[in-house]
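**Q** All chains, please: the whole structure from these sequences, using the hints.
Heads up: the sequence shown at position 52 corresponds to 52 in this note's numbering, and the numbers run straight through without jumps.
Keep in mind that the hints were calculated from the coordinates and are not lab data.
Treat the hints loosely; a few may be bogus.
Keeping only pairs whose Cα atoms sit at most 25 Å apart, straight-line, the calculated BS3-like set for lysine-lysine is [as the list claims (entries may be wrong)]:
1. Lys304 - Lys291
2. Lys172 - Lys5
3. Lys5 - Lys80
Each pair of labels, with its calculated beta carbon distance range [stated by the list, open to error]:
4. Val236 - Ala54: 37 to 47 Å
5. Glu264 - Arg242: 36 to 46 Å
6. Asn235 - Leu61: 22 to 32 Å
7. Lys64 - Asn235: 43 to 53 Å
8. Glu135 - Ala313: 52 to 62 Å
9. Ile94 - Gly23: 40 to 50 Å
10. Leu66 - Leu297: 11 to 21 Å
11. Glu135 - Gly23: 12 to 22 Å
12. Arg242 - Leu43: 35 to 45 Å
13. Gly289 - Arg242: 36 to 46 Å
14. Asp111 - Leu66: 32 to 42 Å
Keep in mind the model is a prediction, meaning the values are calculated, not measured.
Built from N, CA and C at the ideal position, the CB exists for glycine as well.
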Amino acid sequence: MHCLKYGLTVHNVRKVRTVLIDGRVVEVGADALDAAGYDLLALMIGSEGLLGVATEITVKLTPKPLTAQCAMAAFDDLGKAGAAVGGIIAAGIIPGGMEIMDKAATRAVEDFVHAGYNVDAEAILLVESDGTPEEVAEEMARIKAVLDFAGAVEVRISVNEAERLLFWAGRKAAFPAVGRISPDYYCIDGTIPRRALPEVLRSIQAMTAQFGLRCANVFHAGDGNLHPLILFDANVPGELERTEAFAARILELCIAVGGTITGEHGVGIEKINQMCLQFSAAELTRFLGIKAAFDPLSLLNPGKGVPTLRRCAEFGRMHVHSGHEKFPELPRF
Numbered sequence: 001m002h003c004l005k006y007g008l009t010v011h012n013v014r015k016v017r018t019v020l021i022d023g024r025v026v027e028v029g030a031d032a033l034d035a036a037g038y039d040l041l042a043l044m045i046g047s048e049g050l051l052g053v054a055t056e057i058t059v060k061l062t063p064k065p066l067t068a069q070c071a072m073a074a075f076d077d078l079g080k081a082g083a084a085v086g087g088i089i090a091a092g093i094i095p096g097g098m099e100i101m102d103k104a105a106t107r108a109v110e111d112f113v114h115a116g117y118n119v120d121a122e123a124i125l126l127v128e129s130d131g132t133p134e135e136v137a138e139e140m141a142r143i144k145a146v147l148d149f150a151g152a153v154e155v156r157i158s159v160n161e162a163e164r165l166l167f168w169a170g171r172k173a174a175f176p177a178v179g180r181i182s183p184d185y186y187c188i189d190g191t192i193p194r195r196a197l198p199e200v201l202r203s204i205q206a207m208t209a210q211f212g213l214r215c216a217n218v219f220h221a222g223d224g225n226l227h228p229l230i231l232f233d234a235n236v237p238g239e240l241e242r243t244e245a246f247a248a249r250i251l252e253l254c255i256a257v258g259g260t261i262t263g264e265h266g267v268g269i270e271k272i273n274q275m276c277l278q279f280s281a282a283e284l285t286r287f288l289g290i291k292a293a294f295d296p297l298s299l300l301n302p303g304k305g306v307p308t309l310r311r312c313a314e315f316g317r318m319h320v321h322s323g324h325e326k327f328p329e330l331p332r333f
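**A** What follows is the structure, encoded as structure tokens:
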């Protein structure tokens, strides 16, 4: 939840010791941030275990901030909450964390954690500032001004550490909370440009009626990393299939607005068909070439991460036949 300010895995790993498929042990990365040559460290971090097996990882250590404060803003419109995220970034503020929950998620969480959320709000936005006490006080005043301007119907700022942790306890309990109101849930992980947040959230809401399934939205708003939670019952015939189709449409929506099919959960086999939609044949050929250079027999996680061109051709034919060619029902931004 603090990746917006403090970076992702690729920003915090310095070196990786890896065993290659032929048994050789290599070390990629360097202590110097401007080391020359190919960025093999980033390649290995993003490979999902396709290129080697990590046995030792050197990470950067970041000191904890002296203090932190969290603002909890309630909005009567999901789009306004999404627009507030862009407003905070546009104001030159990089919060320590910034998360959104829609009404479905908020109500599930409040019954579970009792974090003091406004359950009548269409969306809750959590925004944290950290640093020295002086920095936090100045930044939180600016954050509140942006939230008010964006149309927040209520803004509460934590008055002590216990209240700050309670605000975050609700967001961190979102997954187990929806598990209390649905026999099963399916978590999606896609990333979109921040400017598209309001429209994408409205589109997901519209899809719940199309597929006849509930969906609770929680996500890392600062970097546009969505986590829609589709609620279903695997014991009801057809619901799992509808859920998977709903999930695929959300990922296709992410692609359509200029985003990507993943942010932190990876591709694996779950999203391999959407790789065919996001990347061209030339790009996929390059991916497969890199894989072959490290693992020519494809023994590491075979069939995961990167689809074959034949698979993409077959998926493309199915997509056309199902009437979804080039996302005809998806909005354009």
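**Q** Hint by hint, say whether it matches the structure.
**A** A quick look at each hint next to the structure:
Of the supplied pair hints, the one linking Lys304 and Lys291 holds, its CA atoms being roughly 11 Å apart against a limit of 25 Å. Proposed proximity of Lys172 and Lys5 is supported: the alpha carbons are some 18 Å apart, at most 25 Å. Our distance criterion of 25 Å between C-alpha atoms is met by Lys5 and Lys80, whose separation comes to about 23 Å. For Val236 paired with Ala54, a C-beta distance near 41 Å keeps the hint of 37 to 47 Å intact.
Between Glu264 and Arg242 the beta carbon distance is about 25 Å. The supplied range of 36 to 46 Å is therefore violated. For the hinted restraint 22 to 32 Å between Asn235 and Leu61, the CB-CB distance of approximately 47 Å leaves it violated. Our hint of 43 to 53 Å for Lys64 and Asn235 holds, since their Cβ atoms are close to 45 Å apart. Between Glu135 and Ala313 the C-beta distance comes to about 54 Å, which sits within the given range of 52 to 62 Å.
Checked against the given bound of 40 to 50 Å, the beta carbons of Ile94 and Gly23, roughly 44 Å apart, stay inside it. Taking 11 to 21 Å as the suggested C-beta distance range, the pair Leu66 and Leu297 does not conform, at roughly 53 Å. Here the CB-CB span from Glu135 to Gly23 is close to 50 Å, at odds with the stated 12 to 22 Å. In this structure, Arg242 and Leu43 meet the distance hint of 35 to 45 Å, their C-beta atoms being roughly 37 Å apart.
Separation of Gly289 from Arg242 is about 37 Å and conforms to the stated range, judged on CB atoms against 36 to 46 Å. Distance hint check for Asp111 and Leu66: the Cβ-Cβ separation is about 34 Å, which falls inside the suggested range of 32 to 42 Å.
The earlier numbered hints that this structure contradicts are 5, 6, 10 and 11.
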